[in-house]
Structures are given as C-alpha cells and as structure tokens.
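Chemist: Take a look at the letters that make up each chain.
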Amino acid sequence: MVSIGHYLFLSVAMLAVGVVGIVTRRNVIIILMSVELILNAVNINLVAFSRLAGSVEGQIFAIFIITDAAAEAAVGLGIIIAFFRNRETVLADEMDILKW
Amino acid sequence: MEYFLAHIWMIPLFPLAGAALMFFFGRKLPDIGVNVICVGSVGLSMVYAFGAIAQLIARPVAQRVVDVVLFDWVPAGAMHTTAGHLANFNAQWGMLMDPLTAVMLFVVTGVGFLIHVYSTGYMAHEGGYYRFFGYLNLFMFSMLTLVLGNNLLLLFVGWEGVGLCSYLLIGFYFLRKSASDAGKKAFIVNRIGDAGFILGLFLLSGTLGTIRFTEIGPAIAARHFEIGNAVMTAIALLLFVGATGKSAQIPLYVWLPDAMEGPTPVSALIHAATMVTAGVYMVTRMNAVFQLAPLALAVVATVGAFTSIFAATMGLVQNDIKRVLAYSTVSQLGYMFLALGVGAFTSGIFHLMTHAFFKALLFLGSGSVIHAMSGEQDMRKMGGLWSKIPITAKTFMVATIAISGIPPLAGFFSKDAILGAAFDARPALWVIGFVTAGLTAFYMFRLVNMTFFGESHVSHEAEHHLHESPPAMTVPLMILAFLSFVGGWIGWPTALGGSDRFAHFLDPVIAHYAEPAAGAAEQARLGTEYALMAASVFIALVGIWTAYQFYIKKPSVPETLAANWGGVYRLLYNKYYVDQIYDAMFVNRTKDLASGLGSFDRGVIDGLGVNGAGFLTRVMSSISMWEDKWIIDGILNLGARIVWVLSYPVRMLQSGRVGNYALWIVLGVLLFLGYYLRMAGVMSNVLHFWKA
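So the sequences go chain by chain: A and D.
To convert, count from 1 in the first sequence and add 222; that's the numbering used here.
To convert, count from 1 in the second sequence and add 4; that's the numbering used here.
Honestly, the hints are just simulated from the structure, not real lab data.
Remember, predicted model here, so these are calculated numbers, not experimental data.
It is possible that part of the hints are untrue.
Claimed, not checked - With the C-beta cut set under 10 Å, the calculated list includes, among others, these residues of chain D facing chain A: (1) R430; (2) Q658; (3) S659; (4) I669; (5) R682.
We treat Cβ as the ideally placed atom computed from N, Cα and C, and that holds for glycine.
With the hints as extra help, turn the sequences into a complete structure.
Modeler: In structure tokens:
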C-alpha cells in the first residue's frame with residue numbers, strides 16, 4: 223500500500239532537490255524556482271500528515287503557504303528586476319556588492 | 005604722674021615718625037619740608053626729654069625711678085632658672101626713667117638736636133637730603149629706645165638699630181667703594197660683638213629669670229651671689245664683648261676710623277656723642293652684675309686703658325683731620341671704660357657727657373673747616389685758617405682745650421675724676437692714663453696748629469672759596485662750645501670745694517655691695533688728689549708745649565723725627581698693620597670658606613644635584629618614550645594584528661554571493677538535523693523503512 227512514508231519520502235526528495243538548486247545554480251530565477259519547489263515540498267508534507275491525522279488543519283495551512291509563495295515570488299521577481307536594471311546581470315556569482 | 009614722665013614713651017616715637025615720613029614721602033618733599041619734619045621731630049623729643057628730666061629732678065631722691073610700660077612684648081611666662089628657681093619671664097616694651105637715663109637723654113636729644121640743625125647747613129648742597137635725615141631720625145629712634153628701654157632685650161633692639169643706621173649712614177655715599185666697604189666693616193665688626201652680647205643676655209636671663217633693670221638688683225640680692233661668682237663673671241665678660249664692638253675698644257675698634265667715610269655730622273652724632281657711648285651706658289646699667297665680677301672689671305679697665313694709649317699713638321701721625329678725631333674718640337672711650345673698670349661708674353658717665361660736648365664740637369668744627377676748604381680733609385694742605393674762619397676756629401679751640409684737660413673746662417673734671425679713681429684702684433693703669441693724657445693734648449694741639457695756625461699750605465682754588473659757615477652750622481658750634489666750657493662744673497669735685505652734684509645725682513643707679521672705707525685716710529687722700537690734678541694739668545701743658553714746638557716754632561722737626569725713626573713712624577702711620585693682620589687671619593679665611601662653599605654649591609649641589617637630577621630625568625624620560633613607542637604601542641598593534649589575522653577566514657565568508665550564504669545555511673540545518681535525529685534514534689527507523 224502507499225503509506226505515509228512514501229509521501230514523506232517524496233517531500234524530502236523534493237526538498238533536497240530544491241536545496242541543491244538553491245545552493246548550486248547560478249541564475250537567480252532558477253534559485254527562485256527552487257525556493258518554490260521547497261515550499262511545495264512542505265505543502266505535500268502538510269497534506270500527507272493532514273490525511274494521516276484525519277484533521278483538515280494541515281490542508282488549511284497548505285493553502286496559506288501557497289498564497290505566501292505567490293506573494294514571495296512576486297516580490298522576489300521585483301527585486302531581481304530592480305537589481306538587473308542596476309547591474310545588468312541575473313547571475314548569483316556576480317551579485318557580490320555586500321562582500322567584505 | 006607728671007605729664008612728661010608719663011609720656012616718656014613718646015620720645016623715641018617723634019623721630020620714628022620723621023623717618024617713616026621720609027621713607028614714604030621724602031622724595032617729593034622740598035628741603036624745607038624735610039627740615040621741618042626731621043629737625044622738628046628731634047626738637048620735640050628734646051622738649052619732652054628735658055621736661056621729663058626736670059620733672060624727675062623735682063622728685064625726691066627715693067622716687068626717681070619711673071617705669072612706663074607700653075605693652076607686653078615677649079610674655080614668655082614661667083621658666084626655671086639654672087638654679088631651679090621658678091621665674092616669670094616677661095620682656096615688655098617699656099620705658100625706664102631714672103637718673104642715668106636722664107643724663108643719657110640730655111646728651112642724646114640735646115647734642116642730637118644741635119647736630120640735626122647743623123646738618124641742614126652742611127648737607128644743603130649734597131644729594132639725598134631727605135634720605136640723610138630719614139636715616140638720622142631712624143638713628144635717633146634707635147638710640148632713644150636703647151637708653152629708655154626698661155629691659156636688656158629692648159636695649160638690644162636699640163643696640164641693633166643704631167648698628168644698622170651706622171651702616172646706612174657710613175655708607176651714605178654708597179657709590180664710592182671705600183664708603184660702602186666702611187659701612188659693611190662697621191656692621192660686621194659690630195655683629196661680632198653682638199654675638200657676645202646675646203650670649204650674655206641669654207646667660208643672664210637663664211640665671212636670674214629676668215632681664216628687667218628694676219628687677220635685676222632684687223634678683224641678685226635674693227640669690228645671694230658672692231663677689232667673684234663665676235656665672236656673673238661670664239655674663240659680665242660676654243656683655244663686655246658686645247661693648248667692645250659697639251664702643252670701639254680693642255679688639256673690635258677697627259671699624260671706627262674707616263667710619264669717617266660718612267658725612268661729618270654722622271661722625272659727630274654717631275661716632276662721638278651717642279652710638280659709641282652705648283657700650284659705656286650698657287655696662288653702667290648692668291653695674292650690679294659687673295660689680296659681682298672683679299675679674300671682669302679688671303678686664304674692662306685694662307682693655308680700656310690699653311685701647312686708650314694704643315689709639316692715642318695712632319692719632320699722633322694721621323694727616324686726615326677726621327681720622328685724628330676718630331682715634332681720639334677711641335682713646336677717650338678707653339678712658340670711660342677705664343673708669344667703669346675701677347668702679348668709678350659715675351665718673352665714666354660724667355666723661356661720657358663732657359666728651360659728647362667737646363667731641364661733637366670737634367667733629368662739627370672739622371666739618372665746618374672741610375666745608376670752608378671745599379672738601380679738603382688733609383691737614384697738610386691747611387694752615388693759617390684762624391683769621392679766615394674765626395667762629396669755627398675759636399669754638400674749635402675751646403673744644404681742644406677741653407679735651408686736653410685744662411681747667412676750668414669740662415674735660416679736666418671728668419678726666420681727673422677717672423684718673424683719681426684709677427690711681428686708687430690700679431696705679432699701673434693710672435700711669436697709662438697719665439701718659440695718654442699728655443699724648444691727647446699733643447695730637448689735639450698738633451691738629452689745631454696744622455689747621456689754623458702756621459704757614460698756609462692751602463691750594464689756590466680752595467683759597468678762593470674760603471668762607472665762614474652759615475649760622476645753621478655756627479650756632480650749634482657756639483652752643484657746644486658753651487657746654488664744653490661749663491659742662492664740667494656740675495661735677496665740681498669736693499676736693500676743690502664743689503659738691504659733685506653729678507655723682508650724687510647718679511649714685512642711686514649704682515649698686516653698693518661693699519661699704520666704702522670711711523674717713524680715716526681722708527686727709528692723706530686729699531693731698532694725693534691735689535697732686536694728681538696738678539700732674540694731669542702738667543702733662544697736658546707738656547703736650548701742648550711740644551705741639552707748639554713741633555708745628556709752629558720748628559716745623560721741620562716732625563719730618564726729621566719721622567725720617568730718623570722711620571720704622572716706628574711707619575708702624576704708627578699704618579695703624580700697627582692691625583687691619584692687614586685681621587684681613588689675613590679672619591677676613592680672607594672667611595672669604596676662602598665662602599668661595600669654597602660656593603664651589604661646592606656650584607659643583608656638587610648644582611652640578612651633581614640639580615643638573616644630575618635633570619640629566620637622570622631626561623634619561624628616564626627617553627626610556628619612557630622608547631617604552632611607550634615600542635612596547636605599549638607594540639602591544640596595541642599586536643592585538644590589532646592578531647584580530648586582522650584571525651579575521652581572514654571570517655572575512656572570506658562574506659563573499660557577497662547569496663549562493664554561498666545559502667550553502668552555509670543548508671549545511672547548518674543539516675548539522676542540527678543530524679544531531680536531533682541522532683538523539684531521537686530516527687535513523688534506524690528510516691533505514692528500516694527504506695529497506696522495506
């Protein structure tokens with residue numbers, strides 16, 4: 223049967239992919255997509271536990287997170303665009319103004 | 005109490021006020037203002053003094069002691085004398101009036117006033133007019149404090165004050181090196197004597213517990229000192245040391261001839277009439293102590309006699325008119341101390357008074373001569389002045405006859421009283437006094453002959469200016485001549501039919517320990533007295549005749565004598581080389597000590613000490629600087645560098661690249677996760693699941 227473990231494993235796998243994406247990728251838009259991936263992984267986790275626990279709170283929280291993710295994506299893109307207008311780049315490597 | 009007797013404390017204050025006014029305002033005052041203030045202040049003192057004397061005489065004999073206290077000066081309180089008695093030491097600023105003070109006041113204020121008047125004429129063309137009179141007034145204040153003081157400490161205040169004024173006035177023309185040297189010499193030699201005085205004062209106050217004149221007599225009587233007591237002898241000798249300094253006796257007379265550098269009125273007032281007599285006054289005042297010490301009296305008499313003849317021999321050959329008078333003063337002071345030493349205290353004071361009259365007259369007269377001669381003081385350049393300056397000449401002659409001891413002038417009575425007492429007590433000293441009397445007559449008439457008679461050796465320029473002095477100068481001369489003439493009559497001896505009122509007047513001041521031998525030898529005594537009087541007059545006439553022969557009849561004789569007895573002449577002319585001996589023995593030794601200490605001060609104290617300390621401080625400061633620069637700063641820099649080095653890896657973390665930051669976050673989360681998972685033992689479960 224498909225148990226809670228499978229869903230958790232899926233969630234962790236998506237999380238891992240998202241983390242690796244954040245750490246590894248150069249293009250900040252891809253990093254933003256990886257963040258979305260992590261948030262969705264959390265969603266899957268929450269829904270899985272909500273099904274397991276039989277209460278609906280997990281799912282409600284998941285809807286909050288979706289909303290939050292949307293807002294965050296908008297803001298993040300706005301920052302990227304502002305930065306691009308100043309520095310002409312979308313590569314994380316070249317965004318090192320705050321270095322020592 | 006009668007007015008003047010109650011107000012004797014004001015007598016010294018008038019001249020003090022004059023001196024103070026000169027000090028503050030003298031520079032702005034015209035000469036006439038100075039005259040009114042200074043001569044007037046002394047005139048006021050004289051009026052008050054004469055009034056006090058008159059009121060004292062009006063009293064019966066037993067009541068002729070007046071003590072007026074102004075304030076407690078040194079109320080030292082309870083003390084133990086050396087013998088263990090309890091005493092209350094209290095030195096007050098108080099004035100004592102008794103017969104001895106009366107005589108001194110008469111001399112000091114009377115002669116002092118005349119000299120002040122004279123000075124208005126003599127100093128009229130000199131600079132520093134107000135300064136002169138200021139000093140003169142200060143001197144009068146000091147001298148009057150000396151004679152009026154009711155205790156030995158206040159006397160000493162006046163004693164020091166007259167010494168100071170002596171220095172100021174001798175060195176009045178301070179721009180002249182010889183004058184300022186003479187002033188220093190006077191003060192320093194005086195101070196040597198004062199050391200003895202102070203020791204005597206301490207010993208006296210320690211022994212008796214009091215230094216007040218009215219209490220010394222009763223204190224001595226209470227303690228029953230025997231005649232010849234050692235402590236009393238010590239006190240007397242120490243006080244006498246002070247007197248030798250002040251009154252120019254051997255060995256401390258050397259300052260007086262040099263003191264002639266001062267203006268002539270100064271020589272008259274200080275070195276003839278008043279200051280030098282302070283020693284005689286002090287010994288007489290302390291006669292209660294001296295009479296308990298026959299040894300001390302012997303010393304006093306011998307020193308007096310030897311000084312007398314010693315100075316007279318030096319006066320024989322001096323050519324400066326004031327120098328002759330200076331040696332004459334030392335010689336006559338010797339007579340006074342001779343009198344005191346043989347117990348004839350009243351005769352000593354009598355001679356003090358008559359000497360004040362004729363010596364002041366001699367000095368003022370010589371000043372008048374010098375004034376007429378436009379400053380010339382060498383007698384070899386004078387001569388034949390009798391007709392040119394008659395008043396000066398005639399008054400001078402009166403004084404010269406008086407000092408030679410020719411009756412009925414003043415000098416005869418006082419000198420004869422002294423010689424008579426000396427003959428009774430110490431005939432050997434009488435011989436010295438007798439010879440000195442002859443020498444005195446000789447050198448005084450030598451002076452008169454060289455100055456007023458004989459051939460004129462006056463230079464042409466001086467001759468044009470020869471004139472008699474103004475009345476301000478001649479009137480005091482005439483008054484003093486009158487006193488020189490009649491001043492001795494107050495002590496007309498009983499042998500010649502008088503009542504010797506002077507001796508009777510002063511007698512209450514003298515302590516009497518042993519009853520004088522009465523009547524039996526009276527008749528033989530009288531014969532001796534007449535013989536002595538005749539002898540005195542005879543030797544004086546011999547001196548006068550010799551002076552006449554040497555300087556009028558055969559003027560070449562002195563030069564021949566000087567040539568034949570060259571060695572003796574040079575010895576006398578150079579004052580027995582005493583000044584040179586003192587220089588070699590004391591003055592140069594002191595200067596050597598001073599320069600040695602000076603070298604020590606410069607080399608060791610300044611060199612090692614001050615400069616060395618400075619050097620060490622500089623060394624310390626450079627070490628400190630090095631330490632500050634290298635060590636302190638080094639530590640700080642080291643700290644900073646450590647932080648810099650350590651910061652390297654931390655700095656590298658801040659790459660500014662978000663990716664790196666994200667990586668670190670993830671790694672941290674994994675670490676935490678791993679830790680908690682281990683704790684929870686979850687790993688095995690997951691593995692389990694994975695296997696399944």
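Chemist: Less than 10 Å between beta-carbons is the criterion; does D/S659 satisfy it with respect to chain A?
Modeler: Status holds, d = 5 Å.
Chemist: Report holds or violated for the interface hint on D/R430, using the least CB-CB distance to chain A and a cut-off of 10 Å.
Modeler: Since chain A brings no Cβ nearer than about 119 Å to D/R430, farther than 10 Å, the hint is violated.
Chemist: Take the shortest C-beta to C-beta distance between D/I669 and chain A; is it under 10 Å?
Modeler: Holds. Min distance 9 Å.
Chemist: D/R682 was flagged as interface toward chain A. Is the shortest Cβ-Cβ separation under 10 Å?
Modeler: Nearest chain A Cβ about 17 Å off; hint violated.
Chemist: Hold the hint about D/Q658 up to the distance rule: shortest CB distance to chain A must be less than 10 Å.
Modeler: With a minimum Cβ separation of about 4 Å from chain A (threshold 10 Å), the hint on D/Q658 holds.
Comparing the model with each numbered hint stated earlier shows that hints 1, 5 do not hold.
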